[in-house]
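Participant: Each chain, written out:
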Amino acid sequence: MFSYYLQLGLRSLRRNPVLTVLMVVGIALGIAASMTTLTVMHMMGSDPIPSKSSILHYVQLDNWSPDEPYRPDGRPPDQVTYRDATALMAAGKADRQTAMFKLALPVQPDNPEIKPFQSLVRVTYADFFTMFEPPFKYGRGWDHEQDQAHARVLVLSKEINEKLFGGEDSVGRRVRLDGTDYTVTGVLDDWKLRARYYDLTVGAFNEPEELFMPFTTGIDLKQRANGNNSCWRAPNAGWEAYLDSDCVWIQMWVELRSPARLAEYRAFLDAYVNEQKKLGRFPRPLNNRLLDVNEWMADQKVVSSDVQVQTGLGFAFLLVCLVNTIGLLLAKFTRKAGEIGLRRALGASRREVFKQFLIESGVIGISGGVLGLALTGLGLLAVRALYTDYKSVATLDWTMVATTIALSVAAAVLAGLYPTWRACRVQPAAQLKM
Amino acid sequence: MEIRPILSALLRSKVSMILIGLQVALTLAIVSNALFIVSERLERMQRPSGMNEADTFLFNSTGFGQGYDVKSVQQGDLQLLRGLPGVVDATSIISVPMSESGWSTGVSLQPRQATSTANTALYMVDAHGLSSYGLKLVEGRDFRPEEIGFRSMNDRNVPTTVIITRALAARLFPQGGALGKQVYYDNEGPPTTIIGIVDHLQTPWLDADFIDNSSLMPAYLPYGNVTRYLVRAEPGRRDEVMQGVEQAMIQANPSRIIGRVRTMEQVRADGYAGDRAMAIILGAVIVALLAITALGIVGMASFWVAQRTRQIGTRRALGATRWDILRYFHTENFIITTLGLVVGGVLAYALSLWLMREYQAPRLPWHYVPVGFACLWLLGQLAVLGPALRASRVPPALATRSV
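If you read the sequences in order, they're chains A and B.
If you're matching positions, the first sequence starts at 92 in this note's numbering and goes up one per residue.
If you're matching positions, the second sequence starts at 7 in this note's numbering and goes up one per residue.
It should be emphasised that the hints constitute simulated quantities derived from the structure, not laboratory data.
There may be inaccurate statements among the hints.
[Said to hold, decoys possible] SDA-like mimics (lysine to any residue), calculated; alpha carbons at most 25 Å apart, straight line: (1) Lys20(B) with Thr425(A); (2) Lys187(B) with Asp148(B); (3) Lys254(A) with Phe65(B); (4) Lys249(A) with Ser142(A); (5) Lys206(A) with Asn66(B); (6) Lys143(A) with Gln391(A); (7) Lys184(A) with Pro350(A); (8) Lys206(A) with Asp75(B); (9) Lys369(A) with Ala120(B); (10) Lys392(A) with Tyr278(B); (11) Lys206(A) with Gln249(B); (12) Lys392(A) with Met51(B); (13) Lys392(A) with Asp276(B); (14) Lys313(A) with Gly71(B); (15) Lys77(B) with Asn320(A); (16) Lys206(A) with Asn259(B); (17) Lys392(A) with Asp281(B); (18) Lys254(A) with Asn66(B); (19) Lys392(A) with Ala283(B); (20) Lys313(A) with Gly155(B); (21) Lys206(A) with Tyr74(B); (22) Lys482(A) with Asp213(B).
A quick note: this is a predicted structure, and the numbers were derived from the prediction, not measured.
The task is simple: from the sequences and hints, build the whole structure.
Facilitator: Listed below in C-alpha cells is the structure:
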C-alpha cells in the first residue's frame, strides 16, 4: 500500500504543478534559511575539544585599577600579567599548565628561492601539546627541561613544513627566525579548529599559528606580543619594567582533572592573590575565575549576537513557510473531498485515508528537504563570501545534513497533519450526494 | 458595501483565514524589525572616517637580522616614499581608522586624576601626518619637524604637544577654548599641550563609544623592527604607486619583508564586512519572506476562487457586475490582511522588546510598523489581483450547469 500511496502522492503533485512548486520551494527556502544560519552557529559554538573541555580552565585574576573594573559589568581582565603567569607556572599546582602569547617573527628560509616571510609564532610551555592535543606528524613537542633551559627549539605546522622543507620529516633541522637559528623538535599534522579556542582574545576564527616556541625563549627576544595589551597604569621605561608591570597580555590555561583538583586550585589562586595583596598589588576585591573551555567561549561571545539574530530570523522565516504550506495543503486536500468521499464509500478506513495524505505531505517534505539542502550549500557559500573569516565554520558536516533532511520531513509532516486530519473527517455520504 | 456576506463566508473557512492572517502577522513582525536592523547597518557604514580614503594606502615593513637599524631605515624610507612619482605625501603611522587595532588611553585634566575625563585613540605621526591622512586643521598649527621624537615601545616619555579632534576637544573642554590647554595622557607624567584641532578622525575601533575622540602625537614609533607607512597618492594614481612600492622598498633595503599592503578602501570594506553581511543576509530574508507571503496569498485566493466558481456564477446571473466580484475578493483580502496586521503590529513591538533585552538593540522606531502596514496592504491587494480577475471572468451561465 505504501508504494501505491507514494504513486498517488506523486501523481497528485504533478496534477497541480504550480501549487506543488510553491509548497516545495516554500519549504526549501525555509529550510535553507534556518539551516544555513544554524550551521554557522553550531560550528562556531560547538565544543572544540569534547574529551577535555570540562577539565581545561582559563585563568583570570583581577589585578585591575582600584578606581574602575576592567569590564563595566565587573568581569576581571581576560589576560594575565607576565609576573603572575610566571609565578603560577613556577608554582606548578595544576595537573598541567601553560602560559602563552603570540609573536610575529620574520622567517629567513635557507632556500634562496623562497622570499623571507612573516610568520605567527605561539610562544608557550611544553604542556601546550599535551593539553590541547594537536596531532603530530613527525617528532614531538619540547620537554620541561627545554622550557627551563630557554632552548632554541620550534614545532612547525604542517603548512610551514611544506613550505620550508617540502613536507619531509624536518625534525633536527634548523629554521632561521630574525637572524637566530632554532632546531625543529616536531611537525604537526593537519590541525583544523573551528574556533581557535586556546586564544580567543584576537581573531577567534583564525587558524592556529605556524610555529610554536618555548615561552622562556620567546621572552628572551624582548619583543612585544602580537595581540592585545592592556595597562591600567603606564609601565615604567624598559623591557624589565614592562615584565614587572600591571599590563595584561598573556593567556594562561590549567588542566585540572577532577572537581576536587579544581577546588584545590581555586583555593591556591585565592591564597596567591591574597599574598600579592600584602605586597600592594591586586587593589580590587578577590575576583579570580577559572572558566572551562565552553564557559570561556560563551564569555568571549564566540557566537556573535549577529549570528544569533540571524539564526532566530532564519527559524522565524521557516515558521512562516510552514504556515504557508499548511494553508496550501489545506486548500489542496479540501478540493479532494469528493475523491476522499468516494474512497471512503468504497470501504477505505479513515486510517487508510490518513496514511495516503500523510505520505503525500511527506513527499513534499522530502522534495523540499533535498532542494533545501542544495540551497543550504549555496547559502553557506554566500556566508563564506560575506564573512571571509568564517571559512572554518561555514561548512556542512554529516550531522547537519541529516538534521536538514529530518527537519524538512518533520516540518512538512507537521504542516500536513492538520489538513490530513481534516481530509479524513470527510463524510462519505455528504460528498456523494452532490 | 457587502461586508456582511464576506464576513460570513470567511467564518465558514476560519482556519484558512487564520493561517493567512498569521502569515501576514509574522511577516510584518519580522520584516519591520529586519528592515530596521538593515537601515541601522547601512547608516553605520556611511560614517566618515575623517581621512582621505580614495588616494591612500598603507603597508608594513618588517626588518630582520642583527645589522638592521630601524631608526635610520625609517628615515630613509620616508625620504624615498615622498620622492616616488605620483606620491603627494607619506608618514609613519601606528594605525588607521576602521582597522580595529591600535592604541587607546585615557586623557585627564588634572595629574593623578582617579578616572580619566575622556578616552582617546592615539595616532603617532610626523610633520607630514595631517597631509598624509588628509585631515583638515580647523584651529592651531601642524607639527614642526623638530617636535617629532623617536620612541620605542618600552619608553614612557609622553610628547609635549598634541593635535586632537574637535569631538575630543569638546569632550575635554565643553566650554570651548581647548587650543593651548594642557592635558595629561600619562597620569603620573608631565602635561601635554594641545597645539591644534582637526575637524574629524575616527578611532581604529568601529564599536568604540569614543569613536570620534582621536589624538595625534608627534613621534616615530616602530613596533620592534616593524614600521608602518601611510602613503597618499595624487588623485587617480594610488594603484600605480602601490604596485611599485614593494620593489622600491626592497631595493633600498633587502633585509626586510613588505607586507599587508592595503588601500584604505580595503580597510573600510574589511572593517564593515560584518555589517555589510548582516545587511545583505537580512535583506535576502526580507525579500524571500515577502515573496513567500505574496505567493501564499495568491495560492489561497486561487483556491477560494475555484471553490466558489458556482456561487460566483450565481451572483453574476443575479445581476452582480464583474466589478462587484473583483471588489469582493479585494475586500476579503483587505479584511484578512488587516486582522493579521493588527496582530503583527503587536508581535513587531514584542520582537523589538526581546531584541532590546537580549542584544541591547535600539528600540524599533514607531513609524516602521505603519509603513509595514501600508506595504503589506499593498502586497496583499496586488497578490489577490490575479485570482480576483479570474473570478470576475466567470460567466453567469456557469450557475446553470452542474459540476
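Participant: Work down the list of hints and note, for each, if the structure agrees.
Facilitator: A quick look at each hint next to the structure:
| no. | hint | in the structure |
| --- | --- | --- |
| 1 | Lys20(B) with Thr425(A) | 13 Å, holds |
| 2 | Lys187(B) with Asp148(B) | 16 Å, holds |
| 3 | Lys254(A) with Phe65(B) | 24 Å, holds |
| 4 | Lys249(A) with Ser142(A) | 24 Å, holds |
| 5 | Lys206(A) with Asn66(B) | 16 Å, holds |
| 6 | Lys143(A) with Gln391(A) | 19 Å, holds |
| 7 | Lys184(A) with Pro350(A) | 15 Å, holds |
| 8 | Lys206(A) with Asp75(B) | 21 Å, holds |
| 9 | Lys369(A) with Ala120(B) | 22 Å, holds |
| 10 | Lys392(A) with Tyr278(B) | 19 Å, holds |
| 11 | Lys206(A) with Gln249(B) | 18 Å, holds |
| 12 | Lys392(A) with Met51(B) | 23 Å, holds |
| 13 | Lys392(A) with Asp276(B) | 20 Å, holds |
| 14 | Lys313(A) with Gly71(B) | 15 Å, holds |
| 15 | Lys77(B) with Asn320(A) | 24 Å, holds |
| 16 | Lys206(A) with Asn259(B) | 14 Å, holds |
| 17 | Lys392(A) with Asp281(B) | 17 Å, holds |
| 18 | Lys254(A) with Asn66(B) | 22 Å, holds |
| 19 | Lys392(A) with Ala283(B) | 18 Å, holds |
| 20 | Lys313(A) with Gly155(B) | 22 Å, holds |
| 21 | Lys206(A) with Tyr74(B) | 18 Å, holds |
| 22 | Lys482(A) with Asp213(B) | 23 Å, holds |
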